[in-house]
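Here the sequence shown is numbered in our numbering, starting from 4 and rising by one per residue.
No wet-lab data here; the hints were simulated from the structure. Relax, there's no trap hidden among the hints.
Computed Cβ-Cβ distance ranges for the label pairs, DEER-style:
1. LYS25 <-> ARG59: 15 to 25 Å
2. GLU39 <-> ARG100: 16 to 26 Å
3. CYS5 <-> GLY40: 13 to 23 Å
By construction, the Cβ of each residue, glycine as well, lies at the ideal position given by its N, Cα and C atoms.
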Amino acid sequence: MCGPGSFVVLKALAFRNRGENKDAYDLYYHIRNYGEGVQDVAIALKQLLQKKEAKRALQILNEDFTEHDGVGAVRVAQFITGGKDAGIQADVIGFVRQLIDLCS
4 MCGPGSFVVL KALAFRNRGE NKDAYDLYYH IRNYGEGVQD VAIALKQLLQ
54 KKEAKRALQI LNEDFTEHDG VGAVRVAQFI TGGKDAGIQA DVIGFVRQLI
104 DLCS
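Full structure from sequences and hints, please.
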């Protein structure tokens, strides 16, 4: 078991290492649905930002999940629909950018 911040860190690192659609989806689902909203994830993640792994996780999120054709956003859509989906990819980008902004 781990907290919501640690989960984001572990899944982001796993996504970068494995690149699995399921890892991308798990990140998106968790960021979107944990607690009362993205703010709850951000509060937990901010407490870990003194650690290099947490900083690396935010970097991965920024690199792979904040552009329409970013590998993370595309892989979430692929996990859900089997292909690209503009609406899902936009949703991923919105939630991930919100998390990154709240952690800055």
